[in-house]
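Build out the structure end to end from the sequences listed, making use of the hints.
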Amino acid sequence: GNPARLAQLREADALVVVAAAFDGADPAKEVKAFRDDLVLADLEIVSNGLEKVREQNKRPVPKQQHEIYEFEIDVLETIQQALESNMPLRDIAFREEQQRICRGFRLMNRKPWMVLVNTPDDEADPARIAAAVSECVKKQSPAAGTDAVSPDTVSSDTVPSDTVPVLAVSCRLEQDLAKMTPEERVAFLCEMELVASDRDAVLRRIMDVSGQMLFLTAGEKEVRTWLVRKGGTALDAAGEIHTDMAKGFIRAEVTKCDDLVRLGGERAVKAENLVRREPKDYVIQEGDVLLFHFSG
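5 is the number of the first residue of the sequence shown in this note's numbering; add one for each residue after it.
Don't read these hints as lab results, they were simulated from the structure. Wrong hints could be hidden among the right ones.
What the hints assert, rightly or not - No farther apart than 27 Å at their CA atoms in a straight line, the calculated lysine-lysine pairs in the DSS-like style are these:
1) LYS234 <-> LYS251
2) LYS33 <-> LYS115
3) LYS251 <-> LYS284
4) LYS225 <-> LYS260
Said to hold, decoys possible - Label-pair distances were calculated between CB atoms; the ranges are:
5) ALA97 <-> ARG208: 24 to 32 Å
6) ALA18 <-> LYS143: 18 to 26 Å
7) ARG189 <-> ARG99: 23 to 31 Å
8) LEU220 <-> GLN103: 25 to 33 Å
9) ASN52 <-> LEU193: 48 to 56 Å
10) PRO7 <-> GLY269: 49 to 57 Å
11) GLU257 <-> GLU178: 34 to 42 Å
12) GLU55 <-> ALA18: 24 to 32 Å
Glycine included, every Cβ here is placed at the ideal spot set by N, Cα and C.
Listed below in C-alpha cells is the structure:
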C-alpha cells in the first residue's frame, strides 16, 4: 500500500472501511482485500522489528538486557504467528507489558474497525446488503483461539472481531443532504419517503467503535461538543480542550444537557440545585455539560 496512507491509518483510533455496492462491485471482496493489505503491512513492520531485536540479542549485553530482548522476541513472534494465520490481533489479550510493545509498532490490526457499505441512491433494502456483508466479514475471520495462538492468550473482555459493525448507506445521498438547508433537507426526505439522514447514525457508530463519547462546554457565545474516551475523567476532558486546563485543574461544574434543555437555561438549572461540583477523577457521562475551574 501507499506508505503515506498507511502512516495515516496507523495514527487513527479506529478504521472505517468504505466498500462500494454498485456497478457490479463486490463489497465483501473489497473488505477482504483491504484487510489483507493491512495484514501484509503489519507483517512487514513486525518482521523487520523481529530481525532488529534478534540482531541486538546476539550482541554481548548484560543478562537483564538479554531477558528484555527475549521477551520482545516472544511477543513479536506471537503477533507474527497470529497475522500469518489471519487472526485479528485485537482478539488477543496481551498483558500490559506486552501491550506496551504492541503500541510501539502501531499495528493496524489491533485497531477497532467497522464497514460502511456505499449503496446506490435508489437501493430499496440497504439493511439486506449490510446483513449480507456482515455475514461475509464473519466468515473471513477465523475463530479466536485456533492454531494462531494459545487459547490462554485469547481476550475475553474485548469485542470479538466477528461482531464488526456493518452499515449500508448512500454516501452520495448524504453528501447532497449535507449541502441543503434544514428546510430543504426536510422537504427532500419527505419526498424520498425517508425518516432521517443516516449521518448521525454513522457518526454515532464510529464513536462507539473508537471508544469515544461526547461532552459539551457552554458559554455565552457558543456551545461546543468535544470527544473524550469512554471511561475518561474530568481531568482527561480538560486536557482535550487545553493542556493548561489539565495542569491547573481545580474542579469541574457538571450539568446534564437534558436538564438545561428541559428547564430552559443555566439559571433555572442552578435554582433546582442540578449543578454538581466534581473532582478530577469524576468519570464523564454522555451528555455532560462541563465548566472547568483551573489555576494559571
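Hints violated by the structure (numbers, ascending): 7
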